[in-house]
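Protein chains: 2
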Amino acid sequence: MKILFITGNKNKVDEANDILSKLGYRVEQFLLDGQTPNFIEPQSSSIAEVSEFKIQQALELISGTTLENHALLVEDSGLFIESLNGFPGVYSSYVSETIGNQGIIDILANKSNRNAEFRAYSILYKDGKYYHGLGICSGRISFQIKGLNGFGFDPIFIPKSGDGRTFAEMNEEEKESKSHRGESLKIICEEINHPSK
Amino acid sequence: MKILFITGNKNKVDEANDILSKLGYRVEQFLLDGQTPNFIEPQSSSIAEVSEFKIQQALELISGTTLENHALLVEDSGLFIESLNGFPGVYSSYVSETIGNQGIIDILANKSNRNAEFRAYSILYKDGKYYHGLGICSGRISFQIKGLNGFGFDPIFIPKSGDGRTFAEMNEEEKESKSHRGESLKIICEEINHPSK
Chain V
440 MKILFITGNK NKVDEANDIL SKLGYRVEQF LLDGQTPNFI EPQSSSIAEV
490 SEFKIQQALE LISGTTLENH ALLVEDSGLF IESLNGFPGV YSSYVSETIG
540 NQGIIDILAN KSNRNAEFRA YSILYKDGKY YHGLGICSGR ISFQIKGLNG
590 FGFDPIFIPK SGDGRTFAEM NEEEKESKSH RGESLKIICE EINHPSK
Chain B
440 MKILFITGNK NKVDEANDIL SKLGYRVEQF LLDGQTPNFI EPQSSSIAEV
490 SEFKIQQALE LISGTTLENH ALLVEDSGLF IESLNGFPGV YSSYVSETIG
540 NQGIIDILAN KSNRNAEFRA YSILYKDGKY YHGLGICSGR ISFQIKGLNG
590 FGFDPIFIPK SGDGRTFAEM NEEEKESKSH RGESLKIICE EINHPSK
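Chains as they are written, first to last, in the numbering used here: chain V, 440 to 636; chain B, 440 to 636.
A portion of the hints provided could be inaccurate.
Since copy identity is lost for identical chains, a pair holds within one copy or between any two.
Pairs of lysine to any residue residues, derived as SDA-like cross-links and limited to a Cα-Cα distance of at most 20 Å, are as follows [said to hold, decoys possible]: (1) K550 x F582; (2) K461 x S532; (3) K617 x F590; (4) K550 x E536; (5) K441 x K625; (6) K550 x S577; (7) K568 x L443; (8) K550 x I584; (9) K441 x L471; (10) K441 x L470; (11) K550 x Q583; (12) K451 x N477.
Treat the hints as calculated values from the structure; they're not laboratory data.
Take the sequences, apply the hints, and build the full model.
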């Protein structure tokens, strides 16, 4: 089955496809006339709210088109740093593009608590039903930028369940086994295969 | 004439009222059933876009009610730091609430360029017409948090046109004479009094 992933981030599509292809799904980027539609992302403190908002816009947009019968996937994710009251949170991609990894390290220079969480909230819409998955990966912010894989804050995030390397120092398989995005998608797959309600 | 200011920030209402009352307007906070309506602020890199979005929502909301004949004011503003690619920009209030003034000073610790701009984009809707005003105040980020007046990033912003004090070290009158918000409102007033088109 084909799943259309509503995102402007090609890295996310690849990551989702790696995970879901093992379960028999093929993930492609959602495009209209060859472009990612310009969705409104609300300023909100909740990744769940941002995801809900995006899927509703997408459903309105495809209503009555040939895309109507496809499964749709949206995801919103962010890095939540404990000592910074959850910053950069839902604004992670903006913060990543402006102050970047070094900016985060600089803000934390004088903080002893470096705990952080990556969170992803995915929603799959399929055959008139919604499937939700929240994935959380606990860890800490590194003192230095390390590794070249991944994207966003991967080079400064050390997952708790690892061996001290950042996400960007891991290969795709290792990262996917621990990642928040992977977890959120696996929860959705379980829900589809074993519906509880 | 009464102007209803759509904002959750009471400080902004007071500041606008100080400026506009001299021109014969009375500014009050826009409330529905005693509360600020929960508007969606889009994630966008433009304060003009955020303002446009807010006023359209407000107009939809009051359509057909007794508020329909009042003038409406919206404003979006932010601090744009040159060496941080415009960060925190449209997300200023979120960044102020999470990493705060000290966070900004910490990110800039190793930067020699401390230039920044405060920008405000106001839109007034009155008698079926829209009046737009962009106000910009150039300055730099201080090395220390200074002063107790104002709000948000006022204690770390030193306007270029001043004497080295931060906005938070100035009294209301001094700040209003230089402020981005003041300028954006004055532009709108001029436009109302001397329509060019």
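Hints, one by one, checked against the model:
Taking identical chains as interchangeable, the C-alpha atoms of K550 and F582 lie at most 20 Å apart whether they share a chain (11 Å) or sit on different chains (18 Å). Taking the closest pair of Cα atoms, K461 and S532 never come within 20 Å of each other, the shortest separation being 28 Å inside a single copy and 42 Å across copies. Taking CA atoms no more than 20 Å apart as the test, K617 paired with F590 passes inside one copy only; the shortest distance there is 15 Å, against 41 Å between copies. Taking CA atoms no more than 20 Å apart as the test, K550 paired with E536 passes between copies only; the shortest distance there is 17 Å, against 23 Å inside one copy.
Proximity of K441 to K625 under the C-alpha cut-off of 20 Å is restricted to the intra-copy arrangement: shortest distance 16 Å within a copy versus 55 Å between copies. In this assembly of identical chains, K550 and S577 lie within 20 Å of each other by CA distance solely inside one copy; the values are 18 Å within and 31 Å between copies. Proximity of K568 and L443 under a CA criterion of 20 Å is satisfied intra-copy only: 15 Å inside one chain copy versus 42 Å between copies. Proximity of K550 to I584 under the C-alpha cut-off of 20 Å is found in both arrangements, the shortest distances being 17 Å within a copy and 18 Å between copies.
For a Cα distance limit of 20 Å, the shortest separation of K441 from L471 inside one copy, 16 Å, qualifies, whereas the shortest one across copies, 45 Å, does not. Proximity of K441 to L470 under the C-alpha cut-off of 20 Å is restricted to the intra-copy arrangement: shortest distance 13 Å within a copy versus 46 Å between copies. In this assembly of identical chains, the alpha carbons of K550 and Q583 lie at most 20 Å apart whether taken from the same copy (15 Å) or from different copies (18 Å). In this assembly of identical chains, K451 and N477 lie within 20 Å of each other by CA distance solely inside one copy; the values are 17 Å within and 31 Å between copies.
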